[in-house]
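Each protein sequence line maps, in turn, to chains A and B.
Numbering follows our numbering, in which position 146 of the first sequence is assigned residue number 146; successive positions increment by one, without gaps.
Numbering follows our numbering, in which position 156 of the second sequence is assigned residue number 156; successive positions increment by one, without gaps.
No copy labels: a pair is met if it fits in one copy or bridges any two.
The list that follows gives simulated cross-link-like pairs (lysine to aspartate or glutamate, EDC-like), each with its CA atoms no further than 16 Å apart: (1) K123 with D67; (2) K4 with E88; (3) K89 with E71; (4) K4 with E71; (5) K160 with D198; (6) K402 with E88.
Simulated from the structure, these hints should not be mistaken for laboratory data.
Listed below are the residues making up each chain.
There are 2 protein chains.
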Amino acid sequence: MQTKYLLGENQIPTHWYNIIPDMPGALAPVIHPGTNQPVTPNDLLPLFPMGLIEQEVSQERWIKIPDEVREIYRIWRPSPLFRAHRLEKALGTPAKIYYKYEGVSPAGSHKPNTAIPQAYYNKIAGTKRIATETGAGQWGSSMALAAKMFGLECTVYMVKVSFTQKPYRKSMMQLWGAEVIASPSDRTNAGRAILAKDPANQGSLGIAISEAVEDAATHEDTRYALGSVLNHVCTHQTVIGLEAKEQLKLAGDYPDVVIGCHGGGSNFAGIAFPFLADKAAGKAVRVLAVEPTSCPTLTKGVYAFDYGDTGKMAPIVRMYTLGHDFMPPGIHAGGLRYHGASPLVSQLVHAGLVEARAVGQLACFEAAVQFARTEAIIPAPESSHAIRGAIDEALRAKEEGKERTILFNLSGHGHVDMAAYDAYFSGQLEDFEYPAEKVKESLAHLPKVSF
Amino acid sequence: MQTKYLLGENQIPTHWYNIIPDMPGALAPVIHPGTNQPVTPNDLLPLFPMGLIEQEVSQERWIKIPDEVREIYRIWRPSPLFRAHRLEKALGTPAKIYYKYEGVSPAGSHKPNTAIPQAYYNKIAGTKRIATETGAGQWGSSMALAAKMFGLECTVYMVKVSFTQKPYRKSMMQLWGAEVIASPSDRTNAGRAILAKDPANQGSLGIAISEAVEDAATHEDTRYALGSVLNHVCTHQTVIGLEAKEQLKLAGDYPDVVIGCHGGGSNFAGIAFPFLADKAAGKAVRVLAVEPTSCPTLTKGVYAFDYGDTGKMAPIVRMYTLGHDFMPPGIHAGGLRYHGASPLVSQLVHAGLVEARAVGQLACFEAAVQFARTEAIIPAPESSHAIRGAIDEALRAKEEGKERTILFNLSGHGHVDMAAYDAYFSGQLEDFEYPAEKVKESLAHLPKVSF
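All chains should be modelled from the sequences, with the hints used to inform the complete structure.
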């Protein structure tokens with residue numbers, strides 16, 4: 001009875017899986033926030049290097065992973081796939097639970113899977129500095145690491161509430177040589193405008209994105225990097241699911257249901273897209289995205305064109321959204337606080353190929369504690385949403401007396417998030433009601449797009 | 001050119017290596033602190049289960065690892081061995097640098113290697129609760145995890161300065177179900193005596209050991225567990241070096257020098273003892289222990305009989321010591337603040353088979369930053385002492401224009417220690433002078449032993 005399924009360094013995928021050619025229908029256009037017209041590759045050049053712009057719209061199903069990227073992936077990839085024997089036993093379920101563990105990366109999460117190639121494509125395009133934003137700090141620390149690996153400078157706009165509450169991830173960014181700025185800041189027009197209206201503003205991912213985009217757009221040697229949402233980010237993360245498929249083959253198994261937590265969509269896409277390829281080819285597999293009730297983008301948002309950021313600097317995309325000026329409550333799973341979602345994931349949810357479910361944070365922490373006390377690994381609060389989803393599926397299997405094979409992505413470890421566990425144990429956390437009125441208000445501000 | 005060398009689950013060692021039969025000369029007796037006579041196994045029964053007492057004095061070179069222990073080891077073992085290509089390049093050294101990485105365990109350090117078997121032997125002996133102490137929290141969190149895996153209760157006396165400065169490891173212990181108490185505490189006579197003299201006492205490992213030992217000795221269903229120093233602890237840690245030897249075979253290499261940081265001696269013993277077996281058999285291999293200048297047990301202490309703890313509750317052993325009432329300064333590498341050292345390691349240093357070197361914490365953080373910016377992994381402050389040792393060896397090789405193969409143990413990751421990096425970057429850290437006067441004073445209090 002094996003605990004983990006490992007692959008060798010030479011089994012790191014050679015290609016990323018690009019889901020675009022397998023999507024159910026054409027992609028919606030991406031709209032320029034200034035002209036209200038579809039963006040051209042040239043419009044994006046101030047923000048991204050051409051290598052990534054090409055991937056954003058590529059119709060190639062398989063995109064070669066550059067050797068320089070695989071060279072860095074080798075530090076922690078292939079990541080292990082675990083069979084959760086102890087958790088299964090504690091649940092008394094007939095279900096088999098597997099999880100792919102991305103916490104083994106140097107940053108402790110799945111984020112370096114895309115940070116590394118983003119730094120690489122910027123390096124070969126002559127970029128000197130990367131500007132980016134971060135919520136909980138998982139993305140910022142990963143981008144700092146990636147920039148350092150390729151000799152680039154890095155400026156991270158960090159959501160102020162996390163800058164204050166999660167100082168340890170800030171220190172990680174500094175250790176890897178990045179400059180870290182609390183957002184909203186006085187470095188940008190976007191930040192200054194927010195602070196003028198509300199000097200105590202604690203920030204949001206949307207605001208921080210505005211600041212980083214403005215920084216990149218206004219500096220010739222600087223490009224922008226986004227840790228989620230975009231097509232090329234989802235594509236890079238598919239190494240997770242591609243490896244998991246190989247590892248499940250070693251286990252002689254195939255999942256009935258594949259589960260990921262959902263914030264912007266990248267770790268979800270990473271575990272799910274390679275299985276959606278099988279589903280497109282006729283295989284029976286359910287795919288489930290689990291999001292927080294406090295920021296219920298996929299389950300309570302609308303499928304519409306909206307800005308990617310609060311400051312309306314970023315492109316307008318068709319996605320599930322709670323409105324670009326929706327300000328989610330400061331839950332501890334900071335990585336899941338985005339108002340929007342990946343356009344690819346959104347389209348898949350809209351087409352009924354992906355199920356979405358919202359869960360409260362107390363139920364997630366309960367699942368995380370049960371997981372840590374059986375499987376030993378301490379999950380990041382974000383990842384605990386996927387665990388909740390997996391445990392619920394396993395309990396349903398028990399209720400129905402049915403076997404079921406469950407695969408979920410444990411996107412990161414929680415060693416840097418122990419303050420959140422503290423808050424949970426001391427009873428300081430509560431479940432947030434879905435803020436229907438606030439969402440209604442922010443959805444009234446969607447841009448008018450005629451495509 | 002390979003980055004890491006992996007072994008499969010079925011290559012976890014089947015036996016620990018016990019160095020006792022290969023020691024240079026007989027072991028010094030262990031003296032009962034009450035009677036001043038050599039302890040018998042029965043004297044130790046209030047503290048340890050018989051399985052561990054037997055291992056403490058075993059003359060068997062190979063001790064079988066129970067299946068139940070290997071079953072838990074499988075969560076993170078075998079741990080990876082890395083070739084530090086990027087660090088070598090940054091140093092411009094002809095030396096080859098390998099490191100064994102123990103930060104992949106659920107607790108983030110090597111400590112579960114012994115916590116798991118200690119919990120196991122207690123479980124089969126009928127123990128209900130484990131009492132233990134912790135400095136930085138690496139041991140306490142590992143023991144909490146191990147106790148939970150075998151269904152035991154766990155009480156951890158945590159050095160007060162760490163309890164305050166390192167709350168995240170405290171939360172990890174609580175997540176794994178342990179009760180955590182700031183030491184000195186009012187739970188024990190030992191703690192109350194210290195607090196009566198000095199209510200603001202910030203604690204030390206020596207004091208916390210006294211409290212945990214007293215707790216175990218005064219409760220029928222409770223046994224004590226120590227995370228370092230003792231023979232059986234060193235033996236359990238040899239899985240590190242045994243795996244490293246197999247992995248170096250895959251690399252077609254053998255080390256000229258093996259390096260570990262040194263606090264109580266367990267991670268050092270883990271990487272070093274299997275190579276000392278080769279040395280005893282005639283192989284030319286240097287073995288180097290690196291300790292902090294602020295707590296220079298091996299380099300400035302005396303080789304003498306001394307108490308293992310401040311409260312004189314623990315057995316008297318022959319070891320390098322700075323005196324049982326030596327209070328080291330509160331450096332951030334809390335795991336290296338012990339006044340004594342493993343008797344086995346001490347005897348090996350005394351016999352000239354192991355070299356010892358003391359390094360300042362600024363030089364260690366400098367090494368840790370260089371390591372994180374090249375090898376990506378963030379080291380624990382304790383482990384940075386081994387990195388400093390390895391970099392110095394590599395730079396000497398460069399100076400001498402000689403090839404050299406260096407192996408060191410990266411005993412843990414630093415994700416829970418980012419406050420220490422913060423302090424380093426903001427210039428708040430300084431090197432501590434060797435406190436010669438304080439050591440002289442505490443060495444005047446060594447017990448008189450006539451063996």
